[in-house]
Amino acid sequence: MDNPPAGPRVEERLTPHALVGHANLRRVGWWGFPIYELVQDGEPVAHMGRAGWFRIFLGRGQRIELPDSSRWRLRAITAGGDIWPVVLDGLGRKVAIGGVAHGAYGINTRDAAFMLYREGRSRRARRRWVLRHFETEVATISSEPAINAIQPVPLGVVLVSFVIVRYGLPSDASPKLPGFSWA
Numbered sequence: 751m752d753n754p755p756a757g758p759r760v761e762e763r764l765t766p767h768a769l770v771g772h773a774n775l776r777r778v779g780w781w782g783f784p785i786y787e788l789v790q791d792g793e794p795v796a797h798m799g800r801a802g803w804f805r806i807f808l809g810r811g812q813r814i815e816l817p818d819s820s821r822w823r824l825r826a827i828t829a830g831g832d833i834w835p836v837v838l839d840g841l842g843r844k845v846a847i848g849g850v851a852h853g854a855y856g857i858n859t860r861d862a863a864f865m866l867y868r869e870g871r872s873r874r875a876r877r878r879w880v881l882r883h884f885e886t887e888v889a890t891i892s893s894e895p896a897i898n899a900i901q902p903v904p905l906g907v908v909l910v911s912f913v914i915v916r917y918g919l920p921s922d923a924s925p926k927l928p929g930f931s932w933a
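Residue 751 is where the sequence shown starts when you use my numbering, and the numbers rise one by one after that.
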């Protein structure tokens, strides 16, 4: 039987991109790249290209470059008649994917699942969202957009959350049939 090759395993080579603490999205340019930066403590966490509903859901997507020179793309895929935002790494693998789930939004990674809820029903509270992992609140997201993460949140989840908070999903506007009760 052959011995495994020397060197780090695949799991050890993958760098976990996670965010803890306060970070916000700011505009840094009008032309060229980057247009936006996700900044935490004055240091950029991600450089991002031009954003927009049409670009993300129907176009080529938003270009993202991380400080470790890896490139991601935030775009959308279709699944069962729905359009879902997804973050893909440089090899085309899914980093995070979002969708509608029972009155809230579900965001999945390879290792974890999160739920994104509006914080309340009042007009002021509607501008804040809560991100949960199981029953634990891990972050709050505002519509500025900014995030305050209490526990580590994968960067792909943060990026998909910003898209959902800012644009919603195309299926949100689809007509809903009322429920019928035969009793």
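Worth flagging that the hints you see were computed from the coordinates, not collected in a lab.
A couple of the hints might just be wrong.
[Stated by the list, open to error] Pairwise CB distance ranges (calculated):
#1 E793 / R878: 19 to 29 Å
#2 G771 / L808: 14 to 24 Å
#3 A851 / G802: 37 to 47 Å
#4 V880 / R776: 31 to 41 Å
#5 K844 / S921: 10 to 20 Å
#6 E885 / W781: 38 to 48 Å
#7 Q901 / G792: 33 to 43 Å
#8 A896 / G918: 14 to 24 Å
#9 W780 / A851: 31 to 41 Å
#10 A768 / R916: 20 to 30 Å
#11 G771 / D818: 12 to 22 Å
#12 E885 / R800: 30 to 40 Å
Glycine included, each C-beta is placed from N, C-alpha and C at the ideal position.
Each hint tested on the structure:
1. E793 / R878: 19 to 29 Å: holds, 25 Å
2. G771 / L808: 14 to 24 Å: Given about 34 Å between the Cβ atoms, the range is violated.
3. A851 / G802: 37 to 47 Å: At roughly 25 Å between Cβ atoms, G802 and A851 fall outside 37 to 47 Å, so the hint is violated.
4. V880 / R776: 31 to 41 Å: violated, 23 Å
5. K844 / S921: 10 to 20 Å: holds, 19 Å
6. E885 / W781: 38 to 48 Å: Distance hint for E885, W781 holds at roughly 45 Å.
7. Q901 / G792: 33 to 43 Å: violated, 22 Å
8. A896 / G918: 14 to 24 Å: holds, 18 Å
9. W780 / A851: 31 to 41 Å: holds, 37 Å
10. A768 / R916: 20 to 30 Å: holds, 22 Å
11. G771 / D818: 12 to 22 Å: holds, 19 Å
12. E885 / R800: 30 to 40 Å: Distance hint for E885, R800 holds at roughly 37 Å.
In summary, the numbered hints that this structure violates are 2, 3, 4 and 7.
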